[in-house]
Amino acid sequence: MTVGSTYGTRLPGLPDHALPGKLIVIEGADGSGRTTEVVLLREWLEVEGHAVVDTGLRRSTLVAEEIDRAKQGHTLGATTMALLYCVDFADQLENKIIPALAAGSTVLADRYIYTLMARAVVRGASRDWARELYAFAIQPDLVVFLEARPEILLHRAIAKYGSLDYWESGMDLSLSRDLFESFFAYQDRLSKEFAWVGAEYGFHRVDANRVPEKVHEDVRALVAPLYSGKGSRAPPRAPLSRPRRPTASA
Amino acid sequence: MPETPSPNHGYPGRLFVFEGLDGSGKSTQAALLGKWLQAQGYRVFFTEWNSSELTAATIRRGKKKNLLTPTTFSLLHATDFADRFERKILPPLRAGYVVVCDRYAFTAFVRDAARGCDPAWVRNMYSFAPRPDCVFYFRVPVAVTLQRKVASRLKINYYEAGMDLGLSDDVEDSYQRFQTRLKQEYERMVKTDQFTVIDSSRSVETIQQQLRGIVRPILENFPMATRLMHDSG
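Residue numbers (numbering that gives the first Met the number 0), protein chains in the order written: chain R, 0 to 249; chain D, 0 to 232.
Among the hints, a few may not be true.
Stated by the list, open to error - On the chain R side, residues computed to face chain D include the following (Cβ under 10 Å): (1) R9; (2) L10; (3) G12; (4) E65; (5) D67; (6) T74; (7) T78; (8) M80; (9) A81; (10) C85; (11) F88; (12) N94; (13) S125; (14) R130; (15) Y160.
Please keep in mind that the hints were generated in silico from the structure rather than gathered at the bench. Quick caveat, the model's predicted, so the values are computed rather than measured. For glycine and all other residues, C-beta sits at the position ideal for the given N, C-alpha and C.
All chains, full assembly: derive it from the sequences and hints.
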């Protein structure tokens, strides 16, 4: 992999040097067992002798505070919020993910551009816009999608927080004043978008309705070939077509 | 009075944009045009580039510490513009008022292109921004903007001079080269984005008369603020 292995848009200012590390992404809704799986996977990879760096969303030094403040105030428009998350991602990509990959480490990403794209589209952005916005992201070696039924997600969320989260229930979308109804309506919309994103970006689906040990077994089976030297990496995608819509620039 | 939607963006309001290099005189003219429109009875909303509170502190911090790459620089400005757009530009446009923008998405197009960002990527990012009813592009020689800068004794800042691009170690030299690139990008857009070119070498009064002449027909039959607030008769 090189710095040039993006989804179609170059990253200006970065020389196209080699990235010998591996980029593994774990995607899934809140309550799908993502974070547990990242911990198990990290442990296993390190025992196997690989250096692991983990990343997630909203962890950049540049704008994480702004995002937290904006979420408290609930006042940002959908486009602004989508772009703010994108800044956060770009900052981590350039300052954390790429340097770690360049150093030969394995980067374990607890969510990646796919969650951000799905959330933006659920909030009214077009798929073309979201796809092109994130076209500067480095293509991962593997994307695992932990798939769990909404009822299971609900019970895990309640077990964990004692309640439902405002944002994970999509309350900002005004789907319903009722937190429960909003949660199901929102998860339903999100999973529709994840279906599209997953088909387009080649997700490996894992049944996450089961106990963590079973899930981990399946994930290990997907990850192991990356280190077997057989070159399990998917061939690079062709640059994405450029959507054109009437705009200020049209 | 029924409001006629703008042929360019479909909203009942009207959108006038001022673009050009720093020191081209566009801000002076934008303010004068706004004043005149208000005196005519129109309700005018005025916005400037980089004026939202959301990311201003981040942009300032990032610039100070030179933390920004072309990609994050571009994304932060787009975020800032989106916030301003969603709060200050779109609502008055939808309500049927006049919006005057001192710089718009075109400023991002020229700056990001000069920093090496993929132009198609940048255009996509701003595709939520409607096409203005008129874009006034203030054409000025780079040497003139530098003279004005020096005469006003304002210090040229790091990013304004494009120092992050490593074009030159000398601030004035870098400024000149960077602004030349920006101008080339603007000139490229004159045709593709249907700019109305304003020759900024003329007097303030002459330019203002020209602008009023261009705006008048666009606002023909456009409702004044009082007519929007009260039934006539």
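Hints versus structure:
Look at R/R9: its Cβ gets to within about 6 Å of chain D, closer than 10 Å, so that hint holds up. Taken as an interface hint, R/L10 checks out: its beta carbon lies about 6 Å from the nearest beta carbon of chain D, inside 10 Å. A cut of 10 Å between beta carbons decides the hint on R/G12: the least distance to chain D is about 5 Å, and the hint holds. Interface restraint check for R/E65: the shortest CB-CB distance to chain D comes to about 6 Å, inside 10 Å, so the restraint holds.
Taking 10 Å as the C-beta cut-off, the interface hint given for R/D67 is violated, the closest approach to chain D being about 13 Å. Restraint check, R/T74 versus chain D: the minimum CB separation of about 9 Å is within 10 Å; hint holds. Because the closest C-beta pair between R/T78 and chain D is about 4 Å apart, less than 10 Å, the hint holds. The interface hint given for R/M80 is met, as the beta carbon of that residue sits about 9 Å from the closest beta carbon of chain D, less than 10 Å.
Among the interface hints, the one on R/A81 holds; its C-beta lies about 8 Å from the nearest C-beta in chain D, closer than the 10 Å criterion. The interface hint given for R/C85 is met, as the beta carbon of that residue sits about 6 Å from the closest beta carbon of chain D, less than 10 Å. The interface hint given for R/F88 is met, as the beta carbon of that residue sits about 9 Å from the closest beta carbon of chain D, less than 10 Å. A cut of 10 Å between beta carbons decides the hint on R/N94: the least distance to chain D is about 8 Å, and the hint holds.
Here the hint on R/S125 is kept, as its CB sits about 8 Å from the closest CB of chain D, short of 10 Å. Interface restraint check for R/R130: the shortest CB-CB distance to chain D comes to about 9 Å, inside 10 Å, so the restraint holds. Taking 10 Å as the C-beta contact cut-off toward chain D, the hint placing R/Y160 at the interface is violated, the least distance being around 28 Å.
Hint check: violations occur at hints 5, 15; the rest are consistent with the structure.
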